[in-house]
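Okay, here's what each chain looks like letter by letter:
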Amino acid sequence: MSTKGTNNKVGSVMVVGAGVAGIQASLDMANAGYYVHLVDSSSSVGGLMAQLDKTFPTNDCAMCVISPFLVEVGRHLNINIIPNSELESLEGEAGAFTAKLKNNPRYIDSVKCTACGQCRQVCPVTAVNEFDCRLDLRKATFIKFPQAVPLSYTIDKNVCIGCGMCEKACLAGAISYSDQARFSEIKVGAVVLAMGNELFDPSLFDTYAYSRHPNVVTSLEFERILSASGPYKGHLMRPYDREVPQKIAWLQCIGSRDINHADHSYCSSVCCMYSIKQSMIAKEHAETPLDAAIFYMDMRTHGKEFERYRERAEKGSGVRFIRSRVHTVEPLDDGGLKLKYIPESGEVLEEVFDMVVLAAGFATSKDTKALAQRLGINLNAHSYAQTSDLTPVSTSREGVFVCGTFQSPKDIPQSVMEASAAAAGATQNLSEQRWSLTLTKELPAEKNFSEEEPKIGVFVCNCGINIGGVADVPAVREYAKTLPNVIHAEDNLFTCSQDTQENIKKIILEKGINRVVVASCSPRTHEPLFQETIREIGLNPYLFEMANIRDQNTWVHMKTPQRATDKAKDLVRMAVAKAALLESLPQVTLDVTQAVLVVGGGVAGLEAALGVARQGFVAFLVERSNELGGMALGLNATWQGEPVLPYVMQLIEDAKKNERIKIFLETEVGHVTGTIGNFTTTLKSANNPLDTKVINHGAAILATGGKEYKPHEYFYGKNPKILTHFDLDAAVRNNDKALKDSKIAVFIQCVGSRTEERAYCSRVCCIHSIKSALILKKLNPEMQIFIIYRDIRTYGLREDLYKEARQQGIRFIRYNKDNPPVIDSDNGQELKLTVKDHILQRPIEMNPDLVVLAAAILPNENKTLFEHFKVPANSDGFLVEAHAKLRPVDFASEGLFLAGIAHYPKSIDESIAQAKAAVSRAMRIVSKNTIAVDSVIASVNPDRCAACLTCVRTCPYNVPRVGEEGYAIIEPSDCHGCGCCVSECPGKAITLKHFTDDQINAKTDALFYIEASC
Amino acid sequence: MNHDFEPQIIAFCCKYCAYAAADLAGSMRLNYPSNIKIIQVPCTGRVDIIHLLRAIEDGADGVYVAGCMEGDCHFVCGNIKTRKKVEYVKKTLSELGIEPERVEMFNLSSAMGPRFAEIANQMGERIRNLGPSPLNIKQAA
Chain U
223 MSTKGTNNKV GSVMVVGAGV AGIQASLDMA NAGYYVHLVD SSSSVGGLMA QLDKTFPTND
283 CAMCVISPFL VEVGRHLNIN IIPNSELESL EGEAGAFTAK LKNNPRYIDS VKCTACGQCR
343 QVCPVTAVNE FDCRLDLRKA TFIKFPQAVP LSYTIDKNVC IGCGMCEKAC LAGAISYSDQ
403 ARFSEIKVGA VVLAMGNELF DPSLFDTYAY SRHPNVVTSL EFERILSASG PYKGHLMRPY
463 DREVPQKIAW LQCIGSRDIN HADHSYCSSV CCMYSIKQSM IAKEHAETPL DAAIFYMDMR
523 THGKEFERYR ERAEKGSGVR FIRSRVHTVE PLDDGGLKLK YIPESGEVLE EVFDMVVLAA
583 GFATSKDTKA LAQRLGINLN AHSYAQTSDL TPVSTSREGV FVCGTFQSPK DIPQSVMEAS
643 AAAAGATQNL SEQRWSLTLT KELPAEKNFS EEEPKIGVFV CNCGINIGGV ADVPAVREYA
703 KTLPNVIHAE DNLFTCSQDT QENIKKIILE KGINRVVVAS CSPRTHEPLF QETIREIGLN
763 PYLFEMANIR DQNTWVHMKT PQRATDKAKD LVRMAVAKAA LLESLPQVTL DVTQAVLVVG
823 GGVAGLEAAL GVARQGFVAF LVERSNELGG MALGLNATWQ GEPVLPYVMQ LIEDAKKNER
883 IKIFLETEVG HVTGTIGNFT TTLKSANNPL DTKVINHGAA ILATGGKEYK PHEYFYGKNP
943 KILTHFDLDA AVRNNDKALK DSKIAVFIQC VGSRTEERAY CSRVCCIHSI KSALILKKLN
1003 PEMQIFIIYR DIRTYGLRED LYKEARQQGI RFIRYNKDNP PVIDSDNGQE LKLTVKDHIL
1063 QRPIEMNPDL VVLAAAILPN ENKTLFEHFK VPANSDGFLV EAHAKLRPVD FASEGLFLAG
1123 IAHYPKSIDE SIAQAKAAVS RAMRIVSKNT IAVDSVIASV NPDRCAACLT CVRTCPYNVP
1183 RVGEEGYAII EPSDCHGCGC CVSECPGKAI TLKHFTDDQI NAKTDALFYI EASC
Chain B
13 MNHDFEPQII AFCCKYCAYA AADLAGSMRL NYPSNIKIIQ VPCTGRVDII HLLRAIEDGA
73 DGVYVAGCME GDCHFVCGNI KTRKKVEYVK KTLSELGIEP ERVEMFNLSS AMGPRFAEIA
133 NQMGERIRNL GPSPLNIKQA A
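Protein chains in written order, with this note's numbering: chain U, 223 to 1236; chain B, 13 to 153.
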């Protein structure tokens, strides 16, 4: 799909900003065949997420989640990290840009620096630690944070006195005071902007005493206070006197939804959730019961599982939610803070807290604005990158893409999705240059240890204080040394950090270790990382075993440290016992079918299919109904007012015209077999199940969409004046005269959402109601319009609509879940609506001519389809992604991806972004013609096989066969590695590699101190 | 019943559901007895009658297998095959005069952290009520 037809396109891409979005975009592109230059102004990658303590709504440790990504990006052969640098200019055009960089001096050569820390030891200068939000100190020679990538020191020249101590102390000779800024030029085919965002500086709010009182902190400062690696080592204390606070207040919308102090009318989208999270985590940290109160305007918990999270905070943790904007914070002599506020009841209240957290919103930095100007990128009125809803990751300059919070305020999963989408966008026109500039790695030959006795090295992780703060890690380490075959044991602050990885490699070589045990978190998240590390120095990755002493030990037994220590020893002993029996396994590579199956022909499915085709691969687009377009066919406009129908029609036309897209209408998925890289799917006609077709594909994207709830409430369907959003959009399209003639129109929010039956927020309804109300107002300016709501959730820049609606005189009446509006429709024609007004505190009555129900968004019912793919759905019926934070587009099963409303209710721009993201994720697989697959497979010992056919009958995938050879044959590439045949084989002729009977029994034996008998 | 009795229990958990649910229970900071030790298997289908009997023989007071929900097995039906093996082991144990309740099969999804903790607590309580495995009593005597 080359637009220019030039052959001088460049197969490399530049990503500016190395936060979580920049990292994701880089990894996607580097794994899909492009060389990536990842530029960041700071000394390390990681961005804002590295500073966070925990992440909502799973309360996962942010560092644990991001750390493997930091390591992966740090060690990636095709990602060139360029820290301390700024993009000065971008010349040329899409496909062939020249990027000019200013590389600021680091004063310590990161190639020579071993991060030994001697320079810091001798540095006499003390400076404030910005990473800890100035709550702590550091030296002039410093490293940003312990897991920093690249892992090397830097000198803060602003405070350095040039004493020369560090230069003398550095044995590596890495110090260079004379280091100067350099300028460099790089040719790239496309650019992804992922600079992220700053937080609003609340010192402008003198009424909140932020600059006057240390016990008033920002939310980011509070993250550092909660963090185990933060200034107070995770102990909840207030800065003023390091006393343990008994009462903490969170004040929402600081620098957001505020044109008085901040000039930021938008909502920052994330603050409600992070305040809920902080209040719950603070309560967990507190040794004495903590009183936590959140002062808010609207509680915006519009994401997946967010509403339940809020419920848990209120009902489970006892967090107080107070709907009020605090007007004054008055410091008291004892360090306390007196809050004055007016709740909805109208009285003036005062309450004293020990600490106040200001939920600061996002604000585009001066540097980002200047960069945008240098690059010729248009910003919108709020200083975010100007994008269209229909091309949500494209900037105003061709070939330059955007993701994350530079696009608009958003949370991590949304940023990660957009990052993948931007990666797909950036590479779409470069596909002929795929693999042209990438490097391949020469791994050392694997060493053969089969003749050697096991020599086991054990590495015990403290995980900051996640493990070491509960279990006695030194005792576990010393215990490990006493176990059979163990020749080395040590403990690490973070075993997964890049420096420890390097150290592990060094120790393995030094001591001749041939089996490695890591006792840390879960193999689910970290096993591949450690396996890769040991492979880099010639150990087969299967000479590795993990003991899960965090997720399944210290996190469970926090209150009984002795038991946690004992259990950690048991788990290490069991892991060591298995490690002694581990064998090298050969790496199997499989050919990949370079095609993608897309299920669902709505906007997400169409975008996904077109994305795959434009990347140069075949897409099979399967749609159950007889037309493409899905839900979007019933929608008039995006939230920014862009018409939807012409866009969908164009998508359909493009898809039909594209020769790489095979469209199957009125078709369902019948049967799916295979694994990543090689799926075989039977499609069957929706009308005739006997009419089938078999297709092969390397990956699949499920975009099965959703639908509008048909309300049982409020006489829907019984009175023509009562419509849903889709009915209203249709009426608007058809110029229904009744709309214009309406004198009173009422929107009722949360119909079928946030109820007992359906606990989630449908995310799009507030916006759609307000947008529709504005359209009605335009049709008939005299119309009285009421929106009856529970919380207005016009998140992000969508707040503009809310503001405009209020300016236009649209009235908002809030109701409680327990006291919803009532409609009386006795005579069948005249409607009488009664609702208790939240300001007047008394019921008001009206006779609307039009009632619009903001009905919930439901996922389409696809139980059988999901079973075919063996993908999970949550209790609401939405598909469950691999990880709520960092893998929002992947399923846990490799090679399968999701997009659109099947994942969660979302707006069109968000569906488009997720669909493009799914394309990017699928490219990691189908852009290569081979893929390395798991080596954990079953193998038959012909001598023991009696050809009894038990395995043939047992295998869920019909893999084993007994042929002329007279014994069972299991094709390695077909075996899924479940081990069913192994445990059923009566002759014990089959073994499952890495899970042999001996290895499994060794664990049991070890638990009971029985010496391995095999 | 002896209140000091601390049963030793082994849980064979499949990688895709039960093991992930155990991790989730941890990240939700849900408590369950520390004397339950998890052994990860790729699928409960890999769990052999031998593994269950070996655990009892070695000295476990209880053993259970936890896999995906029936119908949701990552490997189609490994959990259903192993349910039968668990039933078989129960029968064998009762023939040997060992309480069959010491062995059990559970099904849960990876999103069911609380259920994992509930099962662990429930199994811990059940074995505590049963007392030490007859094999352990014999050994002690």
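Check the hints yourself; a few may be wrong.
[What the hints assert, rightly or not] Straight-line Cα separation of at most 16 Å, EDC-like style, residue types lysine to aspartate or glutamate; simulated pairs: (1) U:Lys-1092 x B:Asp-84; (2) U:Lys-1085 x B:Glu-82; (3) U:Lys-1092 x B:Glu-113; (4) B:Lys-96 x U:Glu-1206; (5) U:Lys-728 x U:Asp-713.
Don't read these hints as lab results, they were simulated from the structure.
Cross-check of the supplied hints:
1. A threshold of 16 Å between alpha carbons decides the hint, and for Lys-1092 (chain U) with Asp-84 (chain B) the separation of about 6 Å falls inside it, so the pair holds.
2. Restraint check: the Cα-Cα separation between Lys-1085 (chain U) and Glu-82 (chain B) comes to about 14 Å, which is no more than 16 Å; the hinted pair holds.
3. This hinted pair does not check out: Lys-1092 (chain U) and Glu-113 (chain B) have alpha carbons roughly 31 Å apart, beyond 16 Å.
4. A threshold of 16 Å between alpha carbons decides the hint, and for Lys-96 (chain B) with Glu-1206 (chain U) the separation of about 11 Å falls inside it, so the pair holds.
5. Distance check on the hinted pair: Lys-728 (chain U) and Asp-713 (chain U) sit about 15 Å apart at the alpha-carbon level, within 16 Å; holds.
The structure fails hint 3 only (numbered hints given earlier).
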